[in-house]
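These are the residues of each chain, in order.
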Amino acid sequence: MYSETTIVNPAASAPLKEGQLVINVGPQHPATHGVLHLVITLEGETIIKIEPHLGYIHRSIEKMSESLSYRQFIYVTSRMDYLSAHINNLACALCVEKGMQLEIPARAQVIRIIMSELTRIASHELWVGAMAMDLGAFTPFFYTFRERETINDIMEQTCGARLTMNYMVPGGVMYDLHPEFVSRVKSFIQQFKNKITELEDLVTNNIIFRNRTVGIGVLSKADAISFGCTGPVARASGVDGDIRKRFPYSGYEQLEFEQCIDTAGDSFARYIVRIKEMYQSIHIIEQLIDAIPEGDFQAKTKAVIKLPKGEFYSQVETARGELGVYIISEGGTTPYRIKYRSPGFSNLSALDYMARGSKIGDLMATMGTLDLVIPDIDR
Amino acid sequence: MNAENISTYLQELDPAIVLEAGGEWTTVQVPVSAWKVVAQQLFTDHQLNFLFCVTCVDWKTHLSMVYHLRSTITDTTLVVKVQLNSDQPEIDTVSDIWRTAEFHEREAYEMFGVTFIGHPDLRKLILPDDFEGFPMRKNFEDPVNMIKL
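Chains as they are written, first to last, in numbering that gives the first Met the number 0: chain A, 0 to 378; chain B, 0 to 148.
It is worth saying that the hints were derived from the structure and are not from the lab.
What you are looking at is a predicted structure, and each value in this text was computed from that prediction instead of being measured.
Hints may contain errors.
[Said to hold, decoys possible] Straight-line C-alpha distance at most 25 Å; calculated SDA-like pairs for lysine to any residue: (1) A:K305 - B:K59; (2) A:K305 - B:E19; (3) A:K244 - B:T75; (4) B:K59 - A:G33; (5) A:K16 - B:P119; (6) A:K305 - A:Y174; (7) B:K137 - A:P29; (8) A:K220 - B:T43; (9) A:K308 - B:I16; (10) A:K62 - B:P127; (11) A:K97 - B:K80; (12) A:K220 - B:E19; (13) B:K80 - A:G331; (14) B:K59 - A:G331; (15) A:K97 - B:T26; (16) A:K62 - B:F133; (17) A:K97 - B:P119; (18) B:K80 - B:D129; (19) A:K185 - A:K305; (20) A:K62 - B:D129; (21) A:K244 - B:E23; (22) A:K308 - B:E23; (23) B:K59 - A:L67; (24) B:K123 - A:G33; (25) A:K220 - B:D44; (26) B:K123 - A:P26.
My request is simple: use the sequences and hints to build the entire structure.
See the structure below:
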């Protein structure tokens with residue numbers, strides 16, 4: 000794929016100095032959690048430069064979407080950030096609804112928020128487990144997967160799928176909730192509250208974990224904004240840019256929750272922000288689970304959706320940050336152009352800057368806390 | 000300062016800058032020659048410090064770069080569009096103002112063939128190095144890797 004010379008000598012304009020070394024991390028590497036390829040220039044153990052090579056899982060989802068109808072293209076987006084498929088689908092559905100100027104039934108709005116927050120918890124749970132494993136602790140992975148499994152089972156019961164749910168459609172959600180949904184979510188909330196302390200004891204208060212993450216991979220507030228970072232990465236650096244608060248959608252404005260912000264900007268701060276976000280997600284679900292309104296779960300729409308000529312942009316807060324869907328319509332049944340502003344793409348661009356000058360051993364602590372999902376970056 | 004004030008200010012600055020209707024946010028069309036100066040002013044004078052979406056659109060007759068800008072302080076959002084010639088699209092880079100543009104511009108470079116003048120490292124990012132053509136353009140046909148369904 001890449002010619003050999005580019006890999007050995009990544010920048011022909013800047014040849015290696017004496018004592019410098021180039022190593023490849025990936026594209027098959029356990030700590031990149033996917034096919035990310037980093038070409039790292041080292042001097043001793045110190046990182047001089049990191050150059051990400053992307054595209055190993057590029058499927059050109061944007062081009063594909065141009066030939067799919069407004070009902071079909073939503074399903075492709077589950078394959079972008081597969082850990083928050085619900086929220087990707089929601090962003091697309093919101094964008095199409097904006098074009099149709101459609102009113103969404105109250106029941107569908109509430110179901111959407113509950114599903115989004117369950118997804119966020121599942122995604123963060125997976126991240127904590129994988130992150131701890133990157134740093135050499137194997138046990139937390141089993142603890143977090145136990146909780147994540149419960150959420151996946153709840154999803155499977157209602158949506159029929161565990162990972163790529165395809166549950167959000169323009170106008171609402173695809174099916175009504177399973178009769179057992181409410182009781183199972185309630186028992187999950189209890190389970191989460193009982194077990195999260197175990198995880199905190201195991202990871203948050205672990206001296207080895209703290210030594211590996213505190214003060215590592217520091218990103219200042221100004222840099223986080225300049226690199227376009229969003230989500231927990233930006234919030235750990237003090238940027239209060241949670242879309243759910245700043246540009247509320249789908250009924251988030253009526254809910255009470257906090258935007259979790261830290262100012263340290265290091266790897267540990269990014270960990271803490273995600274842990275706090277899980278508590279906030281539980282808090283949101285608790286407000287809604289007993290108050291799911293009766294009524295339709297889907298607004299009535301035509302079988303073939305046509306959007307008027309114009310431009311529509313919707314933005315949502317996924318587990319990784321701000322996902323933007325930008326549709327340019329020429330008035331037909333398929334979009335003229337779609338752009339997905341994926342959070343991982345911008346967050347990754349800060350990696351080189353954050354890791355320069357640190358030791359290669361700390362790279363996993365820095366990269367791990369960015370929570371990269373490679374299909375989301377490559378699209 | 001809200002987006003309307005910014006657009007009025009820009010129009011007074013350069014009569015070639017025009018307001019475009021129809022979008023969700025205030026949208027201005029900026030001529031390619033004025034873009035770098037305008038971008039610098041938007042950043043320093045109008046606190047539009049967060050460039051959250053950069054993309055290119057192929058309109059068959061011309062290309063159009065679309066920059067979505069927001070202020071993290073005031074939440075003001077402004078969309079800037081710059082029209083480019085399809086045959087030889089060239090535009091000044093803004094990666095020295097908003098560093099996130101570095102990656103986004105590399106993507107626009109490989110997908111649409113837009114050349115960014117002054118970009119520090121203008122190479123292919125997602126596509127293989129030996130890939131020919133610009134796949135996101137409307138006239139792109141690839142019989143081997145079928146993208147159109």
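Going down the list of hints, with the structure as the test:
no., hint, result
1, A:K305 - B:K59, "22 Å, holds"
2, A:K305 - B:E19, "23 Å, holds"
3, A:K244 - B:T75, "15 Å, holds"
4, B:K59 - A:G33, "36 Å, violated"
5, A:K16 - B:P119, "20 Å, holds"
6, A:K305 - A:Y174, "23 Å, holds"
7, B:K137 - A:P29, "38 Å, violated"
8, A:K220 - B:T43, "17 Å, holds"
9, A:K308 - B:I16, "23 Å, holds"
10, A:K62 - B:P127, "17 Å, holds"
11, A:K97 - B:K80, "22 Å, holds"
12, A:K220 - B:E19, "33 Å, violated"
13, B:K80 - A:G331, "23 Å, holds"
14, B:K59 - A:G331, "17 Å, holds"
15, A:K97 - B:T26, "18 Å, holds"
16, A:K62 - B:F133, "12 Å, holds"
17, A:K97 - B:P119, "38 Å, violated"
18, B:K80 - B:D129, "30 Å, violated"
19, A:K185 - A:K305, "40 Å, violated"
20, A:K62 - B:D129, "20 Å, holds"
21, A:K244 - B:E23, "19 Å, holds"
22, A:K308 - B:E23, "13 Å, holds"
23, B:K59 - A:L67, "20 Å, holds"
24, B:K123 - A:G33, "20 Å, holds"
25, A:K220 - B:D44, "19 Å, holds"
26, B:K123 - A:P26, "17 Å, holds"
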